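2 protein chains.
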Amino acid sequence: MLQLSRSQIEQIISTDSGAAAAVRDAYIAICDGRANVPPVGHIAFPEAHGDCHIKYGHIAGDDIFAVKIAAGFYDNPACGLPSSTGVVLVFSARTGQMEALLNDEGYLTDLRTGLGGAVATFALCRPEARRFLIVGSGTQAYWLARALRHLAPGGVELSLWGRNAGRAEALAARLGDVRVARNLETACRAAEVIITATPATVPLIRAEWVQPGCHVTAIGADSPGKQELESALVARADQRVADMLSQSLDHGEFATARAEGLITAADCVELGAVLAGSAVGRRRPEDITLADLTGVATQDIAMARTVIARAKAGR
Amino acid sequence: MLQLSRSQIEQIISTDSGAAAAVRDAYIAICDGRANVPPVGHIAFPEAHGDCHIKYGHIAGDDIFAVKIAAGFYDNPACGLPSSTGVVLVFSARTGQMEALLNDEGYLTDLRTGLGGAVATFALCRPEARRFLIVGSGTQAYWLARALRHLAPGGVELSLWGRNAGRAEALAARLGDVRVARNLETACRAAEVIITATPATVPLIRAEWVQPGCHVTAIGADSPGKQELESALVARADQRVADMLSQSLDHGEFATARAEGLITAADCVELGAVLAGSAVGRRRPEDITLADLTGVATQDIAMARTVIARAKAGR
Chain A
1 MLQLSRSQIE QIISTDSGAA AAVRDAYIAI CDGRANVPPV GHIAFPEAHG
51 DCHIKYGHIA GDDIFAVKIA AGFYDNPACG LPSSTGVVLV FSARTGQMEA
101 LLNDEGYLTD LRTGLGGAVA TFALCRPEAR RFLIVGSGTQ AYWLARALRH
151 LAPGGVELSL WGRNAGRAEA LAARLGDVRV ARNLETACRA AEVIITATPA
201 TVPLIRAEWV QPGCHVTAIG ADSPGKQELE SALVARADQR VADMLSQSLD
251 HGEFATARAE GLITAADCVE LGAVLAGSAV GRRRPEDITL ADLTGVATQD
301 IAMARTVIAR AKAGR
Chain B
1 MLQLSRSQIE QIISTDSGAA AAVRDAYIAI CDGRANVPPV GHIAFPEAHG
51 DCHIKYGHIA GDDIFAVKIA AGFYDNPACG LPSSTGVVLV FSARTGQMEA
101 LLNDEGYLTD LRTGLGGAVA TFALCRPEAR RFLIVGSGTQ AYWLARALRH
151 LAPGGVELSL WGRNAGRAEA LAARLGDVRV ARNLETACRA AEVIITATPA
201 TVPLIRAEWV QPGCHVTAIG ADSPGKQELE SALVARADQR VADMLSQSLD
251 HGEFATARAE GLITAADCVE LGAVLAGSAV GRRRPEDITL ADLTGVATQD
301 IAMARTVIAR AKAGR
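Line by line, the protein sequences are chains A and B. Position 78 of the first sequence, counting from 1, maps to 78 under this note's numbering, and the rest follow consecutively. Position 302 of the second sequence, counting from 1, maps to 302 under this note's numbering, and the rest follow consecutively.
Honestly, the hints are just simulated from the structure, not real lab data.
It does not matter which identical chain is meant; a pair holds if it fits inside one copy or across any two.
Here are the computed lysine to any residue pairs in the SDA-like style, where the Cα-Cα straight-line distance is at most 25 Å:
1) K226 with I43
2) K312 with C79
3) K312 with Q3
4) K312 with E105
5) K312 with S5
6) K312 with G80
7) K226 with T186
8) K226 with I288
9) K226 with P38
On a predicted model such as this, the values are computed, not experimentally measured, just so you know.
Let the hints inform the model, and build the full structure from the sequences given.
Put into structure tokens, the structure is as follows:
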């Protein structure tokens with residue numbers, strides 16, 4: 001059985017084009033019938049201020065299937081531990097034998113979420129867009145910035161806004177060549193692309209702050225109660241794209257807008273269909289486009305498959 | 001992180017009284033509000049003739065929670081692999097950190113199922129019962145026999161019946177001091193306790209074969225489509241006991257009888273309540289009692305907790 005530590009996995013996979021291609025295919029697999037993705041398992045530990053999610057599934061044609069167990073225990077930093085942890089188990093889809101333990105401590109989730117945000121963004125923003133605003137100053141904002149820079153067809157000018165100014169400054173220093181925005185409204189009005197990566201439970205981005213032609217990708221809302229975009233913005237968008245529509249309408253950015261009667265499922269498309277060319281993303285330069293990414297196990301499978309293939313090939 | 005192989009785990013835990021006590025407590029935890037057991041996860045691989053179940057949960061008060069991933073790929077024996085495999089992951093319930101990988105290859109499931117069958121049986125059979133019939137000749141029958149012998153307060157006289165006579169003979173030889181029954185009806189009529197451990201999908205045990213005073217434990221039916229006992233036997237029993245009533249009524253031995261209108265949920269009790277003394281099991285010597293065990297994650301948690309505690313204590 002292959003066992004890889006976080007540092008070993010970091011050597012094998014990063015924001016590279018092969019990893020991005022795997023994430024892109026993982027979105028398409030959701031739409032073309034290849035994905036077998038059961039509902040996410042969940043168990044809560046309210047007394048310890050923690051929870052655990054189990055994402056698992058199989059993509060038809062793959063030799064492997066993957067089970068990701070990711071926990072968030074939010075009092076951990078007080079005792080010197082990261083709040084998020086994770087491990088990915090890989091099994092043969094032909095014999096059920098365990099093939100690998102990827103003790104990535106959540107790295108692969110951070111990576112695939114960053115890559116996924118970049119893939120979705122470049123599929124929907126105007127090709128000439130350069131002024132990118134990242135909203136958030138955590139781990140996810142870091143990986144988003146790295147993925148955007150690696151995958152940008154024409155370069156990006158990055159700005160960053162965080163609710164905690166000190167954290168935003170620290171992240172900007174870590175990334176280098178990033179401007180820290182002082183005012184979120186001003187920053188949004190100036191942005192050609194806005195990407196939100198916060199655990200906000202009260203919407204941060206107002207509809208009137210977003211200019212015609214702008215693209216917005218929201219990656220923070222991954223469970224009930226989280227919301228980064230005002231529902232009026234969801235309603236105002238000319239195209240709404242979800243990684244998995246059922247999840248987005250249940251607990252993602254499209255949920256509130258639907259609950260308020262502003263949109264229906266028919267007003268949205270899935271990212272995989274846009275990537276595969278079977279649905280239209282951006283129609284006109286002046287359109288506001290919106291991508292909501294809630295996270296799907298196919299991305300975890302794609303990461304695991306890529307890591308294992310590269311490890312076996314001796315990379 | 002602690003890692004233990006199957007052979008290491010076999011050295012740590014077997015059909016011993018500490019393990020039985022843990023299994024017994026795991027049944028009680030289902031009934032007394034301590035268990036947090038989400039629905040079992042499932043993914044099927046029809047082309048490979050395989051499936052995978054994910055059982056997980058937490059018992060209030062435990063420092064750990066466990067996730068068991070068990071796969072069955074039924075063409076494996078043709079290529080020299082066991083059809084069942086499994087692994088148990090153990091995490092801190094305080095920080096979410098992964099604490100142990102128990103690569104038990106299904107051993108802990110076999111063991112806890114055998115122990116659970118024995119615990120349920122001795123809680124419900126007449127104290128003076130000695131003539132025990134095991135129906136089945138597979139791995140589960142083996143562990144049942146071992147657990148019955150280790151835990152019997154007053155000794156057991158074991159008989160065995162299997163649909164495959166050769167396998168039954170082989171298992172009897174492996175166990176030693178077991179009589180192989182040639183005719184199932186005759187064997188049932190002579191038995192004071194009957195325990196079924198088969199993957200039967202057509203009932204094996206007829207109602208009229210079971211004598212007054214007999215206790216029957218059924219452990220085979222763990223998923224839809226499986227059934228070992230005629231529904232008339234379920235209807236005829238004086239007491240019906242399930243490890244988890246919701247599972248038994250959904251896909252265990254009580255499901256068909258309820259679907260046929262022969263029983264209702266109110267006609268059944270849970271084993272944990274009997275063990276804790278809050279429900280009555282056997283009322284009279286001449287009663288026919290019935291236990292249906294579908295398998296619950298609390299048992300897997302109890303096994304994992306016991307293994308880890310013993311490993312840490314240097315046993």
